[in-house]
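Q: Spelled out from the first residue to the last, the chains are:
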Amino acid sequence: MAFVAVVYTILFYVAAATFVAGLVYKVVRYTRTPAPLPIPTMPAPLTKTGAAVRVAREVVIFESLFRSDKWLWLFAVMFHLGLVLVIVRHLRYFVSSHLGLVWTLIALAQPFGKYAAFALMAGLAALLARRFMLVRIRYITGPSDILLLLLLLAIGASGASMTFVSHTDIVGVKAFFLGLMMFSWQPLPADGPLLVHLFLVAMLLIVFPFSKLLHVAGVFFSPTRNQPDTAREKRHIAAWALPLDEQRSK
Amino acid sequence: MVEFQIPVLNDVPAEFDTKFTPGAMAHLKPFLAKADHNVPLGFPGELVDDWQKKAIDRMGDLVKRYRSLAVYLDSCVKCGSCADKCHYFLGTGDPKNMPVARQDLFRSVYRRYFTPTGRVFGSLVGARDLTKEVLDEWYSYFHQCSQCRRCSVFCPYGIDTAEISMAARDVMDHIGVGMKYCNEIIAKVHKIGNNLGLPKPALADTLEGLEEDVQDGTGHPVRFPLDVKGADILLVTPSADFFAEPHVDGLIGYAKVFHQAGVSWTMSSYASEAGNFGMFIGSYEQMYKVSNRIRKAALDLGVKRIVFGECGHAWRVAYSFLNTLAGPWDFLDPAYPVPQHIIEFTYDLIKRGGIKVDAEANQGMVLTVHDSCNVARASRMGTMPGGQFILPREVIKACVPKFVDMHPDTIGDKTFCCGGGGGLLTDDLMELRIKGAMPRMEALAQVIRDEGVTHMAAMCAICKSQFTKVLPYYGMKMEMIVSVHGLVSNAIQLGTNKI
Ligand code: HEM
Ligand code: HEM
Ligand code: SF4
Ligand code: SF4
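Protein sequences appear in the order of chains G and Z.
Throughout the first sequence, residue numbering follows our numbering, covering 1 to 250 in sequence.
Throughout the second sequence, residue numbering follows our numbering, covering 1 to 499 in sequence.
Honestly, the hints are just simulated from the structure, not real lab data.
All C-beta atoms in this analysis are idealised placements derived from N, C-alpha and C, irrespective of residue type, glycine included.
Any given hint might turn out to be false.
As the list claims (entries may be wrong) - A short, non-exhaustive set of chain G residues, derived as facing chain Z with CB atoms under 8 Å:
(1) ALA17
(2) VAL135
(3) THR141
(4) LEU214
(5) THR224
(6) ARG235
Just chain G, same shape as in the assembly (with noise of 0.2 Å):
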C-alpha cells in the first residue's frame, strides 16, 4: 500500500476516535449532570413529549432563530440544509449494499446533492461575511470562528472541484472506507483535490468534541428548550442538594 493510504488509515482512525470518543464524553458528561431547577423558557409545553417537540423544532426549522433575525435564519439554513443534503449524498462511500432505506435515500438526494454544494458554500460565504460586515458580529467574532467557516469553504471548495470539475475514482473512495470499516485497508486513489479534502474532513473530525460544533449536542441538552413546564406538579430536586432537605426536618 501506498505510504499516503497508510499516513490517510492512520489519520482517519486517530480522527473517527477523537470525533466519537469527544463526542460520548460530553453526552455523557450533559447527562449526568444535573439540572437541579426547572428553568424552561416560558411559556414551555406542559408534557415531555411537547418539549420533544419543542427541540425538534429547534432542529428542524431553527424556530428561534427564525424570531430573530431572518437573514442570519436563511443563511443558517442555506448552510445546514446543504450540510444535510451532501452528507447523504455522501452515504454512498460507506454503505456497501445497493438496497435499503439509505441507498433509497441517498438516491432521492443525488439529483439536489450535486447542487447543495452551492447552497452549503454560498450559505458559509455569507455567515462569514457577516463576520467582518456587521460591528456587532465582528466584535465578538474570534480567530477560531473565522477558521472554523474557512475549514468548511476549504471542505465543500475542494469537494465541489471534484464534483464539478476534475473527477476523482469515486469507486476507490468507496473501497478505501469501505475497507477502513471492515479494516481490511485498501489503497487511496492518490488524487490532490481528493486528498485536501479528506485531510480537513479529518481536521473538522479532530476540532468537533473541543469547538463550538458541540452546538449539535447542546441543542437536544438545553434545559431551557427541553424541559416540560411541570414545576408546580414535581419536584426536580438534585441529588447534591438532597441533603439541605434532610437538615431541614431535623
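On the provided structure of chain G, position chain Z with the ligands as indicated by the hints.
A: What follows is chain Z with the ligands alone, placed relative to chain G:
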C-alpha cells in the same frame, strides 16, 4: 445629580438605533458588600488571598452542578442572534452588554481552565487567564444583567445568560466579592424576615393603619390579618407592598378580594417577604433558606393554601422553584396549585362571578400592561402555557374601560425588562437603570402618543419601584404606574353579590 445622557426615545420600537460604544459602561459597578453583609450568608468578608484558585474551583463545582452551565458554556456558536436583544445593550451601546459578550467574560475563563483547547491554544479560541482585570470586568458587567432571559428566547439553543450571570455572581461571592445591595437584603431576611428589615410590631402597626384607611374610605371592615393561626390562605407578598406607592394599592386590592370572597387568610411576620434575592446572587443555598421560611410559616400557621402577591422574580422562585426548594406540599389542600398567584385567584373569582368589578370606577383611564420578565419568561399563571399573558390582561380589562397593548415585539415572551431587575434596583446603578429602561420607555411613549394611554399596570414590586423612579427622566409622570390589584381595588364592588 445625573451627569450622563438620558437616551432619546425613537419613534418605532423594535428598531432601536443603538450607537456601538465600546467601554461605555465600564466605569459602572455596584457598591461592594462589606464583611457585615457577606459573613451572615457564609461568604468570606473580603477578597480572599488565594482568590484565583478559589474562583476556578468554584467554577468547576458549578459546571458539575448545573447542566445549564455545562451545556451553555460549550454550545454558543457566536451567531449574534442574541446580540441586540438585551435592553442594557440597546440602552447603553456597550458591546459587553450584548448577551453573548457578557457570557464570553465567563466562558473565556472556563475555556482557559477547563478545556484542552483553551489550555493549549489560549487566545486563538478566546481563552483568558482569570486576572484582577478580568475579575473587575466580571464585577461590572455581571451586575449589568437583570437576568431577564430575553436573550434566551432568541438564542437557537436557548442559552440563558441569566444562568451565567448567576453563576458568575456566585463565584464572586465565594471569594468575597459580593454586591452590597443583594447581600445586605438577604442578611435582613434571615434575621428579620423581609427585605426591608421591618420587624413584627412595625408590620402589625402598618397593617392596622391600612385597615383604618380602608374602613374610612369604603365603610367596609376589610382586614389585614397577621400571624393568624388556622387561616386558610397564607399570603406571601413583597415587603414593598407594605409601604411603597403604587405597591400598597395592590396590597389593599388583595385584601379587598379576600374580604369579598369571604375567605380566611393571613400574612406571616416570619415569612413577610415574597422576594428571594438568593436567586439574583445565584446561590441555591440562600434561595433554599429564604424559601423555607415560607414552608415553616405555612406549617406553623396551619394554613391550607399559599398565595403570592405581585412580584416578578418572587413569582419565578415561587412558581418554578418553590416546590423543589421547600416542598413537598403534602400538608396543604391538594385541590389548589401550590403556590397560587393572586392574579390567578382574582381571575377565577371574576370568571365565576365570585366578586364583581365595575370598570366605571376607573373611568378615564386607558391602560397598557408591562409583562414582567420573570413572569413572562420564567413562570406561568393558570392552566395553559401563556396564561401569564392572558390572566393579567383579563383582570385588567375587567377593571378598566379601555386597554391597549404595546408594540408586539415588546410584550409577551418578547417583553423587555423594566431595567431594575436581577438585584440591580439600587441607586448606585442609577445610570444603568435609566438607560436600560429605554426600550420599555420607547414602547410606552408610542402608545401614549398613538392610543392615548394614561397608565401602565405592573405586576412586580421591582418594576413598580423602577418605573416610578425612571419615568420622570423620560418626561413621563411617575403616577402612571399602577398595580394590577390597584385597579382591582378601585373596581371591586364591596358588600354585594355573595355567591
Ligand atoms: C443538530 C444539528 C444542528 C443544528 C440544529 C444546528 C444549528 C445551528 C444554528 C441554529 C446555528 C446558528 C446560525 C448560524 O450561525 O448559522 C448554527 C451555526 C453553525 N453550525 Fe450548526 N447545527 C447543527 C449541526 C451542525 C454541523 C453538523 C456542523 C458542521 C459540521 C455545523 C456547523 C455550524 C457552524 C460552523 C456554525 C457557525 C456559523 C457561523 O460562524 O456563523 N452545525 N448551527
Ligand atoms: C470521510 C468523509 C468524506 C469523504 C470520503 C468525502 C469524499 C468526497 C468525494 C469523493 C467527493 C467527490 C464526489 C464526486 O466526484 O461526485 C466529495 C464531494 C464533496 N464533499 Fe466530501 N467527503 C467527506 C466528507 C465531507 C464533509 C464532512 C463535507 C462537508 C462539510 C463534505 C463536502 C463535500 C462537498 C460540498 C462536495 C461536493 C458536492 C458533492 O459531490 O456532494 N465532504 N466528497
Ligand atoms: S438576561 Fe436579560 S439582562 Fe441579562 S444579558 Fe440576557 S437580555 Fe441582557
Ligand atoms: S444567540 Fe446563542 S449561540 Fe448565538 S451568540 Fe447568542 S448565546 Fe451564542
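Q: Let me make sure I understand: some of the numbered hints might not hold for this structure. Which ones are they, in numerical order?
A: Number 1 only.
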